[in-house]
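K.L.:
Line order of the protein sequences matches chains A and B.
So for the first sequence, this note's numbering puts the first residue at 1; every next one is plus one.
So for the second sequence, this note's numbering puts the first residue at 1001; every next one is plus one.
Please keep in mind that the hints were generated in silico from the structure rather than gathered at the bench.
Take the hints with a grain of salt, since some may be wrong.
To be verified - Listed next, the in silico DSSO-like pairs over lysine-lysine satisfying Cα-Cα at most 30 Å (straight line): (1) K160(A) to K1190(B); (2) K1190(B) to K1118(B); (3) K234(A) to K1255(B); (4) K1190(B) to K1067(B).
2 protein chains.
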Amino acid sequence: MEIVLIGSGSVATHLGLAFKSKGVIIKQVFSRNPANAENLARKLGTTFIDDISDLYMDADIYIYALKDSALKTILRKMNTVPRGIHVHTAGSVPMSDFEGFTAQFGVFYPLQTFSIKKEIDFSNVPVCLEASNAETQIALVNLAKLLTDKIYIINSEQRKQLHLAAVFACNFTNYMYDIAAQILEDSDIKFEIIEPLIAETADKIKTLNPYDAQTGPAVRFDETTIDRHLHMLKGNSNFKKVYDLLSKSIYLRHKKQ
Amino acid sequence: MEIVLIGSGSVATHLGLAFKSKGVIIKQVFSRNPANAENLARKLGTTFIDDISDLYMDADIYIYALKDSALKTILRKMNTVPRGIHVHTAGSVPMSDFEGFTAQFGVFYPLQTFSIKKEIDFSNVPVCLEASNAETQIALVNLAKLLTDKIYIINSEQRKQLHLAAVFACNFTNYMYDIAAQILEDSDIKFEIIEPLIAETADKIKTLNPYDAQTGPAVRFDETTIDRHLHMLKGNSNFKKVYDLLSKSIYLRHKKQ
Chain A
1 MEIVLIGSGS VATHLGLAFK SKGVIIKQVF SRNPANAENL ARKLGTTFID
51 DISDLYMDAD IYIYALKDSA LKTILRKMNT VPRGIHVHTA GSVPMSDFEG
101 FTAQFGVFYP LQTFSIKKEI DFSNVPVCLE ASNAETQIAL VNLAKLLTDK
151 IYIINSEQRK QLHLAAVFAC NFTNYMYDIA AQILEDSDIK FEIIEPLIAE
201 TADKIKTLNP YDAQTGPAVR FDETTIDRHL HMLKGNSNFK KVYDLLSKSI
251 YLRHKKQ
Chain B
1001 MEIVLIGSGS VATHLGLAFK SKGVIIKQVF SRNPANAENL ARKLGTTFID
1051 DISDLYMDAD IYIYALKDSA LKTILRKMNT VPRGIHVHTA GSVPMSDFEG
1101 FTAQFGVFYP LQTFSIKKEI DFSNVPVCLE ASNAETQIAL VNLAKLLTDK
1151 IYIINSEQRK QLHLAAVFAC NFTNYMYDIA AQILEDSDIK FEIIEPLIAE
1201 TADKIKTLNP YDAQTGPAVR FDETTIDRHL HMLKGNSNFK KVYDLLSKSI
1251 YLRHKKQ
C-alpha cells in the first residue's frame, strides 16, 4: 500500500505518522511551502515535492489534508490526475468536489482535534468515511481499519453537521477553558487547580447525557450568583457578554422542558 | 471524628459517602425536606433531622452544603450554635458569613462538579480551604487529607474568582456538549461519535495551555466555514448567536496577540 500526502499541516502530520507506524509506505509529501514539505518528509522518512507537476503517479491512495478552499485549486493544477483513490480529510468539504477530476474518490475524515505538539492515539479516533462507489468504500474501510475500530459511514450532509457539532464540542469548549485560564491568571491562581474539574466534566458525558449533566447557577436559576458573576466581569465586556448569553441559553433550555 | 451534614444535595451526598468510606462518623444529617434527609441518612447509615432545633451538639465538624442563600438563614434559626468547627462548601459565599455566630469556622470547597448519579474519585478532587484561625486551618487540612492530596489554601476573594472560572470551564463547557448533542440528534448521528473528541479536547490542556490548544475555523480566520456554519444555524437563533459571539471572541483573542 502506497500513500501520497497532499498537505503538511497537523492532520497530514498525525495521519502520516499513524500510517507509517502501521507499515504503510508514505511515498511522497506535497506542500506548496517547501520548508513544511521537507519537515514532514523528514519525520516520515520519505521524499517531498513543492511543485504538483512532480507528483508520484502510481500511489494507491492520495490523501488531501488541506485548507478547505485549496482542494479544487490543487486538482485544477494537476496536468493528469493520477489513478488511485483520492480522499480529503475535511469536515466541511463535500465529497463532490472531486467530481470531474477522477472516478475513485471519497472522504477520510478523522473526527479529532490535532495539534502538532500533542501525540494522538489513533485507535481511539473515529474515522468518518464516504466513497464514490462500493469498491472505493471497501478500500477506505480497510485503510481506516489499520488505525482504528471506530469507523463510521457518514454522508456529506451529515458530515457538515458533525463538523458544526465539533466546533461547539471542541473549539468553543477549548475557548471556555481559555477564559477560565485568564480569570485564574488575573487572580494568581494556578490553572492546575481546575484541571480535575475539566477532566470530570468531559468524563461525565460518558454516563450522563449533557442535558442531565448540566450543573451551575444558570440551571439552578440562581440569579443572585449570576448577577454577582456579571458584576465581577464588568471590566471585560466580552467575557460578560459570553457569560450573559450562555447563562440565558442554559436557563431557557432547562426552563422549556 | 464526628461530622454533622447540613444539607442533602449532591455535594452533601458525595462528601458524606467519601468521609464514611474513610471511617469518619457521620453523626447526623439535616435537611428541611424530611424525605431528602431520610434518603441521605439511609445511604450514610446514620440518623436525620428536619428541625434544626434537634441538632446534635457535640460534633467536631459541621459541614453546611446548602444553596448559597440558605447559610445565614439556618444559622439564625439555631437557638445555640454548637461548639466545633463550622464550614460551608460554597464557591461564592464568603467565609465571613459565619462571623458573629461562632468562633471556629471556615470553608471546605471541593472544586468539582457533582451529580447524584455519577460516582466521584475524591483523591482527584482539589479541596480549597479557608479558616478563621490557624488551629481551625490545621483541623481542616487534616480533614481534607483523609480524602485528597490536592489541598489549596484559598481566600474568599480568590475563591469567588475560582468559582467564576469554574462556571466557564465546567457549566458552559457542558452546555457546548449539549448544543453538539442537539445538532447531532437532529441529523441522526450518534453522540458517541463525538466522545473521543471531547475527551481529547479536555486531555490536551494537560500539556498545552488553552490558548495554544485552540483549533477551529475562528482561530484560522476561516470566514468561509464560519459563514457556512452560521447559515446552517439559521433555524436556531440562539445557537447562531452563541456561534457568532464565540467565533468573534476567539478571533479577537488570537488576532490581538
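K.L.:
Tell me, which hint numbers fail for this structure?
P.N.:
4
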